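Chains F and H are the protein sequences, given in the same order. The numbering of the first sequence is our numbering, which starts it at 1 and goes up by one. The numbering of the second sequence is our numbering, which starts it at 1 and goes up by one.
Since the hints were made in silico from the structure, they are not lab data. The model shown is predicted, which means the values in this text are computed figures rather than measured ones. In this text, a Cβ means the ideal position worked out from N, Cα and C, and glycines have one as well.
Partial list, derived from the structure: chain H residues whose beta carbon lies under 10 angstroms from chain F:
1) V94
2) V106
3) H108
4) L112
Spelled out, the chains give:
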Amino acid sequence: MATTKRTIDVQLSTTGFDSQGRPRRVPLAVDEAGNTVAVAEPPGLEPDLEGEHMLINIGPQHPATHGVLRLVLELDGETVVRCIPHVGYLHCGFEKIGEYRQYNQIIPWTDREDYLNSPGNNVAFALGAERLFGIEITERCKVLRVMACELSRIMSHLVWLGTTCIDIGAYTPFLWAFQQREKIYELLEAWIGARLTTSLTRVGGMGADIPDNWIEGLTAFVKGFPKVVDEIDRVITRNGIWVGRTVGLGVMSPEEATNYGLSGPMIRASGVAYDVRRDFPYLDYETYDFDVPVGTNGDVYDRFLVRMEELRQSTRILEQTIARLPDGPVNVDDHRVILPPKSRATSDMESMIHHFKQVMEGPRPPIGECYVAVESPKGEKGYYMVSDGSPKPVRWRIRPPSYVNLSAIPRMVEGHLLSDVIAINASIDIVMGEIDR
Amino acid sequence: MSGDASFSPVVGGSALATGAPSPKTPRNVARTGAHPNPSADALRAEFATVVQRVDVVWGETSVVVERARLHDVIQWLHDDEGQRYDYLSDITAVEYRDVEREIEVVWHLRSLPYRRFLRVKVLLERGAALEVPSVWDVYKAADWLERECFDMFGIRFAGHPDLRRILMWEQYKEGFPLRKDFPLRGRFSRSEQLRQALAANPEARYSKDELTIAQALEDLPADMRRRLTAGERTGE
Numbered sequence: 001m002a003t004t005k006r007t008i009d010v011q012l013s014t015t016g017f018d019s020q021g022r023p024r025r026v027p028l029a030v031d032e033a034g035n036t037v038a039v040a041e042p043p044g045l046e047p048d049l050e051g052e053h054m055l056i057n058i059g060p061q062h063p064a065t066h067g068v069l070r071l072v073l074e075l076d077g078e079t080v081v082r083c084i085p086h087v088g089y090l091h092c093g094f095e096k097i098g099e100y101r102q103y104n105q106i107i108p109w110t111d112r113e114d115y116l117n118s119p120g121n122n123v124a125f126a127l128g129a130e131r132l133f134g135i136e137i138t139e140r141c142k143v144l145r146v147m148a149c150e151l152s153r154i155m156s157h158l159v160w161l162g163t164t165c166i167d168i169g170a171y172t173p174f175l176w177a178f179q180q181r182e183k184i185y186e187l188l189e190a191w192i193g194a195r196l197t198t199s200l201t202r203v204g205g206m207g208a209d210i211p212d213n214w215i216e217g218l219t220a221f222v223k224g225f226p227k228v229v230d231e232i233d234r235v236i237t238r239n240g241i242w243v244g245r246t247v248g249l250g251v252m253s254p255e256e257a258t259n260y261g262l263s264g265p266m267i268r269a270s271g272v273a274y275d276v277r278r279d280f281p282y283l284d285y286e287t288y289d290f291d292v293p294v295g296t297n298g299d300v301y302d303r304f305l306v307r308m309e310e311l312r313q314s315t316r317i318l319e320q321t322i323a324r325l326p327d328g329p330v331n332v333d334d335h336r337v338i339l340p341p342k343s344r345a346t347s348d349m350e351s352m353i354h355h356f357k358q359v360m361e362g363p364r365p366p367i368g369e370c371y372v373a374v375e376s377p378k379g380e381k382g383y384y385m386v387s388d389g390s391p392k393p394v395r396w397r398i399r400p401p402s403y404v405n406l407s408a409i410p411r412m413v414e415g416h417l418l419s420d421v422i423a424i425n426a427s428i429d430i431v432m433g434e435i436d437r
Numbered sequence: 001m002s003g004d005a006s007f008s009p010v011v012g013g014s015a016l017a018t019g020a021p022s023p024k025t026p027r028n029v030a031r032t033g034a035h036p037n038p039s040a041d042a043l044r045a046e047f048a049t050v051v052q053r054v055d056v057v058w059g060e061t062s063v064v065v066e067r068a069r070l071h072d073v074i075q076w077l078h079d080d081e082g083q084r085y086d087y088l089s090d091i092t093a094v095e096y097r098d099v100e101r102e103i104e105v106v107w108h109l110r111s112l113p114y115r116r117f118l119r120v121k122v123l124l125e126r127g128a129a130l131e132v133p134s135v136w137d138v139y140k141a142a143d144w145l146e147r148e149c150f151d152m153f154g155i156r157f158a159g160h161p162d163l164r165r166i167l168m169w170e171q172y173k174e175g176f177p178l179r180k181d182f183p184l185r186g187r188f189s190r191s192e193q194l195r196q197a198l199a200a201n202p203e204a205r206y207s208k209d210e211l212t213i214a215q216a217l218e219d220l221p222a223d224m225r226r227r228l229t230a231g232e233r234t235g236e
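The task is simple: from the sequences and hints, build the whole structure.
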């Protein structure tokens, strides 16, 4: 082929179609005498792959991987044969840093792991530390923490909903979801001053009580929000494209889901009614009236339905917290962990000593260990803390729900098309900050 | 949910019908003195001296078992009709600041049908091999959890099918970050870390496993092929 002279000449426009309607072969070569000769294989047409597998790399800088996830996919044509996930691009050593920080100093780090659920992480960490200190928090604090947890569940599910809609090709629900999320951010801003990295709790209480008239804002949100959920429901739940892109994808049976350690909406979509709030309650969740939505097929569509229903159930819980929010102190009366008011710290000797000891040394929990899990929007989020009696934990372990959920992705995408990998990955609701920590 | 019933998820309480009273939020948990999880006694009855110690701290039961029998213990907890620990929450390790003290490997198990929580521990003596049996064949959830524990502590899980680093990259040479002898800033200086990052071979991000899939090594340009086969070595 190297010696033939290739020309693309007027013959191209005169070839026409053969009797079957296929384009005629275009002679693209001429011999020395100037006559056209047929080329065996038209250029541009590759021979069939014949079962040869292809390696496709998605990420870490791909918008549909929701962060810095990298998937190496082995494809047969367009079908996934094998998926090899790579994580760790965002690893910052949170657990290591926690061993060098006092308990209250770790709380800002919990904001930054699952950053869509910062208030929920703060609450989970504070609950763990309080178990380790043997502190029983006040009733008002409990209700405020339930509010924080449910607000952040709604927030996280809204981000999931919006981004998944974009992944699958719908843009409008994203805007509706983010408008509502903005309202929650405004509430959080009024409460604690921060929007994303809230650091809402302290060991033994909260960073701040809710401001005046805050409950009115929450009531307005709780009133308006279900309408938006209904609207999104009307637009996508029975939308043909949405159903076609999600039904039957990434199916996990109940036994598999349990064995793979899935949690949160992932395991509930598979039909296992495991909800930490219900089965291993904390913050008096057993006294709230709410349903645990459970799917039947364990596919992407059921995960979507479960999350949509959880938005409604969280709103129900918020209504109940508004009705029952008691008066009284937010922080426990325990000088080991709660700073005395500044006025007393500068006028009263004892308070000044407590203030000094807490700031300079940090509170010391007794020797012991505890594992406290909460139901985060992603699933079972656990903090395992070990104390040797010093002000800093020996070990602070985060049990990241989306890490364990993601570990099942090779199983879930097997045999599906490349475009479905994006939908399945979106349905896991991963946050790389939490996976890589 | 409005509309067709076939589009609604089943909404209900917990599906775990064992007749047990619904659990309550624990209140005023004492540091010691709570009743141990009934599974601890069952384990003692079944495995006798394999169970070295049972601790109850802050209402949570920890069972310390012999390393050699760990897999049997977990398998039994998983399979036995009276236990049914079907859910593996977490696997991690604890190294204490006391350099004499053993390294603990910790398994957190849940029994969803009985709503029980159990912590199983294995103590690894200082100086002994950091190796424990893998429970990957019992719980698939152990896959990444064991890989992370290996990555962070250097504990090997015998029987794990694919035990390699997960959060750190495969060519990471500084050791195991969560060990207490690992400095917070890492072992290498910032300039050394930067030098290595700049000298890194971009193709080495693909593992050998992945390269065998490509089957196209011969068709690649010569320089790319050289970098791919060299692994992390850059020939500097």
